[in-house]
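Visitor: Position chain C against the provided structure of chain A, taking the given hints into account.
Read off the chains here:
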Amino acid sequence: MTLVNVKPSEEFEFLNGQGHVLLIACGALAREIVDLIEVNRWKAFDVACLPAKWHNTPQYIVPGIREKIRANKGRYKSIFVLYGDCGTGGLLDKLLEEEGVERIPGPHCYAFFSGNDAFKAKEDDDITSFFLTDYLARHFDKLIWSGMGLDRHPELLPMYFGNYKKVVYIAQTRDEDLARRAMAAAKRIGLDYEYRFVGYGELADEMKTRA
Amino acid sequence: MSDEGELDLRSLNDEELTQQIHDDLYDGLKEEVEEGVHILLERGWTPYKVLTEALVEGMRIVGIDFRDGILFVPEVLLAANSMKAGMFILRPLLAETGAPRLGKMVIGTVKGDIHDIGKNLVAMMMEGAGFEVINIGINNPVEKYLEAIAEHQPDILGMSALLTTTMPYMKVVIDTLKEKGMRDDYIVLVGGAPLNEEFAKAVGADAYCRDAAVAVETAKDFMKRKHNQMAASA
Chain A
0 MTLVNVKPSE EFEFLNGQGH VLLIACGALA REIVDLIEVN RWKAFDVACL
50 PAKWHNTPQY IVPGIREKIR ANKGRYKSIF VLYGDCGTGG LLDKLLEEEG
100 VERIPGPHCY AFFSGNDAFK AKEDDDITSF FLTDYLARHF DKLIWSGMGL
150 DRHPELLPMY FGNYKKVVYI AQTRDEDLAR RAMAAAKRIG LDYEYRFVGY
200 GELADEMKTR A
Chain C
4 MSDEGELDLR SLNDEELTQQ IHDDLYDGLK EEVEEGVHIL LERGWTPYKV
54 LTEALVEGMR IVGIDFRDGI LFVPEVLLAA NSMKAGMFIL RPLLAETGAP
104 RLGKMVIGTV KGDIHDIGKN LVAMMMEGAG FEVINIGINN PVEKYLEAIA
154 EHQPDILGMS ALLTTTMPYM KVVIDTLKEK GMRDDYIVLV GGAPLNEEFA
204 KAVGADAYCR DAAVAVETAK DFMKRKHNQM AASA
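Heads up: the sequence lines are chains A and C, in that order. Per the numbering used here, residue 0 is the first one in the first sequence, and the count goes up by one each step. Per the numbering used here, residue 4 is the first one in the second sequence, and the count goes up by one each step.
These are calculated hints, taken from the structure and not from any lab test. All values derive from a computational prediction rather than experimental measurement. Each statement offered as a hint is correct.
Think about it this way: if two alpha-carbon atoms lie no more than 27 Å apart in a straight line, the pair counts; the simulated BS3-like pairs of lysine-lysine are: (1) C:K174 with A:K121; (2) C:K223 with C:K204; (3) C:K227 with C:K183; (4) A:K164 with C:K87; (5) C:K147 with A:K165; (6) A:K121 with C:K147.
Pulled out of the complex, with its shape left as it was, chain A reads as follows:
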């Protein structure tokens, strides 16, 4: 159970450039990170995000993070990376070991939002699940539909999704509009739909530890 505050706050606005801990994060987590900072009034953090579209091209992630770390080392008391392995095949961990920087545990954001142990426990049942987070539900059209060329070539749909059975929307927030969008995305790619509210999971816990 998380002890991190997740209720909206209008009294604290996050301002980059004032923290002593740099969070290097995937752009797909930016909104969630800023929400958590604001509702918990954490003043320790600055945030540097890398392009969320690298979700589809993980080969850019390690060089991008290396550059960010090297540009900021010495300017901060510490650096923490908010990326899963994210398809880097262990190369991200190798880089972070070399640089002496830690990251949030887990293979990807689906796992640390759900809780790594809980995600692993359902792995066999979820083998044919295609996961959407709040970010992916919000940007499905751009990142998935257009990003994978389905807007131009819908005939590719079976090649991409033929082995999947359902879309599982692991929601960070209780947002009816996003749930509707996730359901529409599932329908569009011809899969069943399941909603799971998981909240911010271990993202919140890990940030709290470093706040």
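Guide: Chain C only, in chain A's frame:
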């Protein structure tokens, strides 16, 4: 690479038509590729010549531009679909006319993983290069690999994974082959987006193949070495 307007493929000579098939493959124009294949066959080309000079060479160009970041996954998939359509025409003819066989490969995605785009591309390119390919699909436990190996006696075992969480299963398969004293009987090639050479070495594979074109070249190279070794020990 598309030209404007209708082009009568029959008006082209063989060289121009082959070039046009390369372009049509590049543009993912399935029907045009099918038509081009039919025309070359009507002109007396052997199915093997059509396969290698028109389709495989066309996909080789697609592979290079994908590697160089000029083409992206959707374009490669469209090209692959077009090549698949061409191969569908050629496959029965190749069987009839007897094309050279370079070797046999069993290929599948490992347990826990349902991703097969890259694996299917490799299977297609290997077939195009003259390998007999037994594609055992997705989510394969070690037993399924062993079953396929026993049944088909391949030269090469290919394993694919897209997930960081599933790629370690390749080691389970390779270790099982070792335990059974079978590891050295097969060339083991591995591939998939999160893999790298270091990982391939660590799990005991013979090679990591970063894309379908590399897989074909690596497989050919290993088969050549295998034949040389056999000749030397004969």
